[in-house]
Amino acid sequence: MNRLTALSQQFGQSPWLDNLKRSYLTSGELSAIRDRGIRGLTSNPSIFQKAIQGSPDYDEQFRDLAVEEHPVIDDYWAMVLADIHGACDVFSRVYDESDALDGYVSVEVDPGLAHDGPGTEAAARHLHQRLRRRNLMVKIPATVEGLAPIRQMITEGRSINVTLIFSLQRYQAVMDAYIDGLEALAADPDADLSRVASVASFFISRVDVEVDRRLEAIGTPEALALRGKAASVQGQLAYEQFNRTFSGRRWDALAARGARVQRPLWASTGTKNPEYSDVLYVDGLIGPHTVNTLPEPTLEAFADHGTLARTVDADMGAAHAVWQELADVGVDMDEVATQLEHEGVDAFIKSFDELIAALETKAAELRAS
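Take the sequence shown: its letters are residues 1 to 369, numbered as in my numbering.
Please note that the accuracy of each hint is not assured.
[As the list claims (entries may be wrong)] Derived lysine-lysine pairs resembling PhoX-like cross-links, with alpha carbons at most 25 Å apart:
(1) 350 x 362
(2) 50 x 362
(3) 272 x 229
(4) 362 x 272
(5) 272 x 50
(6) 50 x 350
To be clear, the hints were calculated from the coordinates, so they are not data collected in a lab.
Please model the entire structure based on the sequences and the hints provided.
What follows is the structure, encoded as structure tokens:
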């Protein structure tokens, strides 16, 4: 059994792929990745910018789309949703074999709507209605404005990937929105709660990049000794919150109706600091009822030399100690989370806007030729 398969079969963690591009579908490579043990897929605006601008794979479709007079953003969604449909086809087998636990493909709403609750709700509903795929997850950012749309989509029985989580406090609000939505859905005695799925995506490596920068600015031996620890520890503390939230009388009533837990998903797990292990954010966060979405280099690194062990809750005393030490040396993790959320939203908006601008230029050239 390879490491990717062992993750799910022996440790209850589902490895998903953090990428999508047209050549994965046309070449059959995505099916091959699935057959190695990958059980789902996530995408985001930055991934599609790289895919569409970085290869000629979309040129033929775009030429056909661009000859008609309509907004270029419609062409963008036509290309993206073609890829999402294809990926849903590839992973539908996993969805069936896992009884709807895995096999999901995620697509994000327009990132410009991150602080527009009603706009996010409408966009998420539109994507679900347009694609109509049972193994689709629509991604909604975990901004304050995103919480009400998350709750509403769950109330409507739609599967949601909550993205861009950077703090334990916001994570609790996300879990609460999910449970509130399930309780509203459960008011319908005929509702099938077992077919509502959700993941809560913590962005991991970005936390260490920012916290390490602050620790190095502080510069004391105590601060420097904490480098490379904050991200994994926050994930471990989030897992502790997850277990506490999805237990007890309130949750048991939903579980009796078939409800599934909202699994923590570790995102941004590629190691950015070359001094750290290239599997740091996989090895340290393995445990049941979790997902790790892997960029290809991290996928290959873990498949080659990752360590298989339950680590996400192996030493919670040490995790709490590190969290306290971060505060003691002067790192404000709430401030870090606020900064990273703003940067994450802005980065996705930038990728989206740059791609739309490039497509508009390309469309104008095609129409003039």
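Okay, the hints, checked on the actual structure:
For the suggested pair residue 350 and residue 362, the alpha carbons sit about 18 Å apart, so the restraint of at most 25 Å is met. At roughly 16 Å between alpha-carbon atoms, residue 50 and residue 362 fall within 25 Å of each other, so this suggested pair holds. The hinted pair formed by residue 272 and residue 229 meets the criterion: a straight-line CA distance of about 13 Å does not exceed 25 Å. Taking the CA atoms of residue 362 and residue 272, the gap is near 33 Å; set against the 25 Å cutoff, the hint is violated.
At roughly 18 Å between alpha-carbon atoms, residue 272 and residue 50 fall within 25 Å of each other, so this suggested pair holds. With a C-alpha separation of about 12 Å, the suggested pair residue 50 and residue 350 falls inside the 25 Å cut-off, and the hint holds.
Of the numbered hints listed earlier, the single one contradicted by the structure is hint 4.
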